[in-house]
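**Student:** Listed below are the residues making up each chain.
2 protein chains.
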Amino acid sequence: MEFSAVDSEKFAVQEFRERCRNAGLALTHQREIIFRTVYEMRSHPTPEAIYERVREQLPSISLGTVYKNLKTFLDTGLLREVSPMHGSLRVDAITEDHHHVVCTQCRMVVDLGEEELEPVRLRVQLPDGFVLKRCVVEFYGLCPRCAAKPDKPR
Amino acid sequence: MEFSAVDSEKFAVQEFRERCRNAGLALTHQREIIFRTVYEMRSHPTPEAIYERVREQLPSISLGTVYKNLKTFLDTGLLREVSPMHGSLRVDAITEDHHHVVCTQCRMVVDLGEEELEPVRLRVQLPDGFVLKRCVVEFYGLCPRCAAKPDKPR
DNA sequence: TTATTAAACAATAAATATTATCATTCGTCA
DNA sequence: TGACGAATGATAATATTTATTGTTTAATAA
Ligand SMILES: [Mn+2]
Ligand SMILES: [Mn+2]
Ligand SMILES: [Zn+2]
Ligand SMILES: [Zn+2]
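Just so you know, the sequences run in chain order A and B. Going by my numbering, the first residue of the first sequence is number 420, and it counts up by one from there. Going by my numbering, the first residue of the second sequence is number 420, and it counts up by one from there.
These are computed hints drawn from the structure, not numbers from a lab. Owing to the predicted nature of the structure, the values given are computational and were not obtained by experimental measurement. One or more hints might be untrue.
The list that follows gives simulated cross-link-like pairs (lysine to aspartate or glutamate, EDC-like), each with its CA atoms no further than 20 Å apart [what the hints assert, rightly or not]: (1) B:Lys552 x B:Glu537; (2) A:Lys490 x A:Glu467; (3) B:Lys552 x A:Glu500; (4) A:Lys552 x B:Asp494; (5) A:Lys568 x A:Asp494; (6) A:Lys490 x A:Glu434; (7) B:Lys552 x A:Glu535; (8) A:Lys568 x B:Glu515; (9) A:Lys552 x B:Glu535; (10) A:Lys487 x A:Glu471; (11) A:Lys552 x B:Glu515; (12) B:Lys490 x A:Glu515; (13) B:Lys487 x B:Glu467; (14) B:Lys552 x A:Asp530; (15) B:Lys552 x A:Asp494; (16) A:Lys552 x B:Asp530; (17) B:Lys552 x A:Glu557; (18) A:Lys552 x B:Glu500; (19) B:Lys568 x A:Asp547; (20) A:Lys490 x B:Glu515; (21) A:Lys487 x A:Glu475.
Looking from chain B toward chain A, a few residues come up when the C-beta cut is under 7 Å (computed) [said to hold, decoys possible]: (22) Thr465; (23) Lys487; (24) Arg499; (25) Leu536; (26) Lys552.
Not close to chain A: a few residues of chain B, all C-beta gaps over 12 Å, as computed [said to hold, decoys possible]: (27) Arg436; (28) Arg440; (29) Asn441; (30) Gly443; (31) Leu444; (32) Thr447; (33) Arg450; (34) Glu475; (35) Gln476; (36) Leu477; (37) Ile480; (38) Ser481; (39) Ser502; (40) Met504.
Quick reminder that beta carbons are idealized off the backbone N, C-alpha and C, glycines included.
Turn these sequences into a full structure, and let the hints guide you.
**Tutor:** Following this line, the structure appears as structure tokens:
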């Protein structure tokens with residue numbers, strides 16, 4: 420899949436307006452620039468990095484606005500979180516390779532042994548020169564408890 | 420694989436002493452308790468959670484000591500980081516399902532389309548009642564640049 | 001277009017997470 | 001046992017994220 424083919428600039432921004440409308444979000448200048456900036460960066464950027472870029476076009480924007488809108492975009496599905504695990508360090512006493520089942524609500528992490536999964540197989544080569552250390556599969560969703568409850572326990 | 424079968428308590432602590440010795444780490448009371456605590460928790464805990472538990476046995480330990488030792492353990496391979504991506508939020512403008520190639524040194528993230536991988540197949544059921552939302556494969560390693568350099572650029 | 005209203009904004013403070021500094025204590029090894 | 005480097009505890013500093021508040025802006029309808 421060529422992502423660049425599917426989502427052209429214009430389409431993405433059109434889509435953005437559409438989705439804001441559907442989600443009942445006001446279409447502000449800041450919002451559009453923040454979204455377009457993330458979209459153009461294509462590097463899985465941090466809020467800080469986005470802020471730096473956006474500031475070039477909107478010198479008076481505040482970091483808080485960037486954070487708040489990123490969160491809004493994540494909530495409405497306009498953007499995705501690269502690793503729903505983030506927030507604080509999580510350590511694993513099991514040093515053998517294995518995989519994880521993760522609840523995105525309470526952040527519970529359950530192990531899944533290597534052999535509980537068919538081996539992961541690439542159809543292409545990894546980027547030339549990339550030195551692979553490990554491969555982890557993460558299943559994201561809601562644990563039974565969180566699936567039952569209406570919202571955000573923790 | 421039953422992890423509990425492989426690594427019995429005693430074995431793990433023995434292994435721990437061995438590895439400390441090999442890595443030239445002093446064997447302190449604090450270290451042993453921190454490690455044993457993480458090992459017993461088996462819940463991919465945060466530094467804060469570990470600190471709370473360890474404090475029950477070592478009321479005078481400081482949070483900084485917990486952090487420093489966790490980092491040491493990660494460096495020496497005694498523990499593993501659940502998500503080498505953590506540290507700060509990373510957002511993705513691509514909302515279609517896809518996978519990632521991640522450099523654990525500079526934290527660069529490169530996309531890998533769904534169809535560049537054989538479909539991931541489970542040999543077992545996910546935990547009963549778990550509502551699966553998405554499945555992400557992450558390939559961790561060193562990007563060409565970081566593989567070439569001796570240490571920690573960023 | 002203009003008035004009304006709710007939402008979003010910038011500025012700022014506060015909370016949370018993590019790392020650094022340093023004087024003291026402790027483990028290692030001769 | 002004694003010297004010495006490493007580790008600890010206390011604390012400060014930094015980084016990341018969220019909350020608060022007064023002001024501005026976008027959406028809606030007259
Ligand atoms: Mn695990
Ligand atoms: Mn991506
Ligand atoms: Zn949950
Ligand atoms: Zn790299």
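**Student:** Which numbered conditions among the earlier hints are violated in the structure presented, ordered from lowest to highest?
**Tutor:** 8, 11, 23, 39, 40
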